[in-house]
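Chains A and B are the protein sequences, given in the same order.
Count the first sequence with this note's numbering and you get residues 31 to 142, in order.
Count the second sequence with this note's numbering and you get residues 102 to 209, in order.
None of these hints come from the bench; they were simulated from the model.
A few of these clues could be false.
Incomplete in silico selection of chain B near chain A, CB under 8 Å [as the list claims (entries may be wrong)]:
#1 Tyr133
#2 Tyr140
#3 Leu147
#4 Tyr150
#5 Arg178
#6 Asp193
#7 Gly200
#8 Gly202
Remember, it's a predicted structure, so these values are computed and weren't measured experimentally.
All C-beta atoms in this analysis are idealised placements derived from N, C-alpha and C, irrespective of residue type, glycine included.
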Amino acid sequence: DAGVTQSPTHLIKTRGQQVTLRCSPKSGHDTVSWYQQALGQGPQFIFQYYEEEERQRGNFPDRFSGHQFPNYSSELNVNALLLGDSALYLCASSLVRENIQYFGAGTRLSVL
Amino acid sequence: QKEVEQDPGPLSVPEGAIVSLNCTYSNSAFQYFMWYRQYSRKGPELLMYTYSSGNKEDGRFTAQVDKSSKYISLFIRDSQPSDSATYLCAMDDYKLSFGAGTTVTVRA
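Extracted from the complex, chain B is given alone in its bound form:
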């Protein structure tokens, strides 16, 4: 079993829709939970991070962490074609453990 599980998709939504992404994990020691966005053949760009459980909002992005269920989510409201990318969840335990990434396409 992988430490971090993420549905690879792909996910295709119309412009303006809400994109919902999620990951599950098995390591209870994880404390920081991050979401990265990666465009094709580029390095991952940090979108948001959350320490421990709870919600965090930043513009159109909302990150949720439920440590009791070992489940994290990222929501993108009012999605735009420029949001088309691969989204990676990552969790830290001195190193980052990544999900496989979900490829999202927002159709104009």
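If we strip away everything but chain A, and leave its shape as in the complex, we get:
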């Protein structure tokens, strides 16, 4: 049974560029959440998708957007990258009725 998979593993971008990160949820899960984890800190909630709709959003600017596809996979897009966007981006999946979230290995984004 495949767990949560994320791609790419590592990404290097320059300021002002745009990036797309991808996530496939654990088999049977219908809800995907995205988190940003800066070095030495706990993950911070970006947003959550269910039934292809954004259900909830954390305190992140509109430069951060997402999408969920009919097969429950999801993308996170970040526009106009800033140096401060450098972090580990984590995707987690769960069932909407039970918010036990399982994480992928993350995508490490470096903005130069």
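Fit chain B to the given chain A structure using the hints.
Leaving out everything else, chain B in the frame of chain A:
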């Protein structure tokens, strides 16, 4: 004030010792309480979760939740060097709110 407070440590113990980790929180709406283990530069791995108050045991791990005190704990018995990692507490209210993580080193 942060919703979830966790002592970042670091915590260093000898092999075989009991590791005690804890978090406090302020949001009474939290219902699920989770502990994740995170190795360096990897994603968090779910260790245990507890719904509402009470204790839960899984092998060498015991999780406790005291909702009246807004306090949760994780105990690791007979700690091993492979337990060396950062431990994150998390609580849910549609999203997960995480503590900052406690870095644990178990010395052989």
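Violations among the numbered hints
Structure breaks hints 2, 5.
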